[in-house]
Amino acid sequence: MSALLEVSDLSVHHGQLEAVRSVDLTVTAGEIVAMIGANGAGKSTLLRTIAGLHTPSRGTIHFDGRDVTGLPVHARVAAGIALVPEGRHMFGSLSVEDNLIAGAYSRRRGPWTVDKVVELFPWIGERRRQQAWQLSGGEQQAVAIGRALMSNPRLLLLDELSLGLSPIALGRIYAVLPELVSAGLGVLLVEQDVAQALSVAARVHCLLEGRQRLSGRPSELSMSEIEAAYFGTGRAAASVGEAQ
Amino acid sequence: MTILNDIIQGILLGGLFALFACGLSLMFGVMDVINLAHGDVAVAGVYLAVVLIPASHIPALWIFVLVVPAFMIGGYLVQRYLLQPSLDSGAITTLLVTFGLSIVLENVLLEVFTANSYSLNVGSLVSSSWQVSSQISVPYLDLVILGVAIVVLVALQLFLVRTRTGRLVRAVADDREAAELVGANYRHLFAVAAALAFGTVAFAGLALGAYTQVSPTAGPTYLLYGFEAVVIGGLGSLWGTLAGGLVLGVATTLGSQVDPNLGSMLPHLVFLFVLAVRPRGFFPKRAVT
Ligand SMILES: Nc1ncnc2c1ncn2[C@@H]1O[C@H](COP(=O)(O)OP(=O)(O)O)[C@@H](O)[C@H]1O
Ligand SMILES: [Mg+2]
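Read top to bottom, the protein sequences are chains A and B. In terms of my numbering, the first sequence opens at residue 78 and continues consecutively. In terms of my numbering, the second sequence opens at residue 3 and continues consecutively.
Note that these hints are calculated values from the structure, not bench results. Hints are supplied without guarantee of correctness; some may be wrong.
[What the hints assert, rightly or not] Sample of chain A residues lacking proximity to chain B, with all beta carbon distances greater than 10 Å (derived): (1) G136; (2) S183; (3) G241; (4) L247; (5) Q269; (6) S276.
[Unchecked claim] Not everything, but these chain A residues come out facing chain B in the computed CB check (under 10 Å): (7) V161; (8) W210; (9) A221; (10) S228.
C-beta atoms are modelled at their ideal positions from N, C-alpha and C, and glycine is treated no differently.
When you get a sec, could you build the whole thing from the sequences and use the hints?
Written out as structure tokens, the structure reads:
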């Protein structure tokens with residue numbers, strides 16, 4: 078079976094800065110792939126480029142066998158790519174429910190409805206009429222995930238999934254991820270919590286200054302290899318942890 | 003009692019100001035465009051009606067069925083093909099482009115119609131009025147204009163709240179990238195907002211033409227009132243704009259009761275006062291972080 082997402086030799090510049098450097102990556106349907114790396118490694122730039130928010134300076138992005146490198150963001154959503162961006166990006170003046178309904182704007186067919194999202198995050202039920210800006214950061218993150226699911230994606234890009242989520246909400250999401258994935262969804266996950274990423278992902282990539290330093294199955298990678306790739310050193314220094 | 007009469011007249015006039023200003027508010031709220039040609043667009047609406055009424059044999063009161071859709075299409079195209087490219091190269095460019103549009107519109111109208119003022123003859127509505135009591139009488143025309151303003155503003159609000167496209171127009175105002183990420187073409191949504199702005203200001207222009215003589219160069223004066231209504235209400239807030247329009251309308255009629263000159267000055271003084279005490283207006287759009 079061919080890959081759902083195939084990224085080849087992808088480079089992305091922010092002005093002079095080359096934030097992503099010749100990255101190769103595939104995600105197949107029904108698979109979770111994790112992307113780890115320190116702050117500024119280029120993870121968000123990579124995900125945003127796949128979603129169409131940045132234009133690559135080199136390389137191609139194929140989705141479902143079709144070259145989508147030149148497609149605008151909204152056409153990629155229509156094709157089935159959904160990004161939950163870092164920092165949530167709620168529609169603050171819209172109600173929680175309207176945020177979710179807005180998620181279905183692309184009119185892609187599929188199982189997701191507002192009620193389904195409420196099943197996933199039951200607290201949304203009582204608060205669907207509240208304006209989104211009134212929610213806490215973690216609650217907004219949950220709504221952002223629900224909003225992305227409302228487009229019935231085939232590929233879900235999750236940037237900093239656990240940032241701001243309460244342990245309970247996070248537990249829920251990690252509990253349903255395998256279910257979503259077994260229904261054929263492909264997931265590309267950027268995760269701060271490396272142990273969490275290793276435990277759910279079939280494959281993991283580590284970025285360092287835009288370069289892919291390490292790729293493989295979690296079971297095949299040793300902790301010291303990962304630390305070396307993450308920090309770009311032979312030995313990891315505990316003090317170089319992420320500023321977040 | 004005559005004060006009450008003035009206040010009622012002011013409210014009627016305020017409805018017109020609000021109808022005029024809501025498009026200005028919408029374009030600023032959704033895509034940060036300050037449309038300096040807004041007043042000239044309203045004036046152009048009057049002149050299009052002046053041409054279309056004899057040509058189509060539609061009475062002046064109903065000519066909006068042609069003028070408003072034409073302006074909505076025009077607004078969509080202007081945003082999509084004139085303002086959008088300028089937005090992509092910075093806010094100052096956009097401001098200059100709308101300024102240029104204002105000058106072009108004015109000069110085209112001067113060229114075609116010379117400097118003559120026109121008004122729209124809506125027949126008996128102008129002359130008759132409703133005698134509520136011995137002191138209070140309300141011209142039918144003013145009532146009709148207020149009615150139109152309310153209907154248009156409510157329809158606009160319903161569109162923004164209830165429809166799929168309207169919801170996304172509000173969404174793109176909050177966060178453009180997130181709107182793209184749910185599959186919306188923000189350029190289309192911006193153009194829809196411009197279509198609504200041009201359609202509502204065409205309505206306001208027609209009302210203005212029924213109310214008074216309009217000259218090709220009157221646009222900037224109306225624009226000033228529009229800006230003041232928007233700023234008093236709070237940038238980007240539709241209901242704030244309605245409130246701002248009412249404040250200006252009442253200030254105009256109360257002022258002119260004291261002295262005709264004060265009538266044209268008091269609204270601007272009220273505006274300056276509000277700007278001094280509430281620089282962000284009374285219903286500022288909450289900053290989304
Ligand atoms: N929009 C942007 N404009 C300019 N530089 C950017 C932009 N976004 C990210 N960068 C820079 O690109 C590099 C990679 O950033 P990012 O992709 O956000 O990394 P990560 O998500 O791994 O923390 C950083 O040096 C960052 O400062
Ligand atoms: Mg990031």
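**Prompt:** Out of the numbered hints, which ones does the structure contradict?
**Reply:** 2
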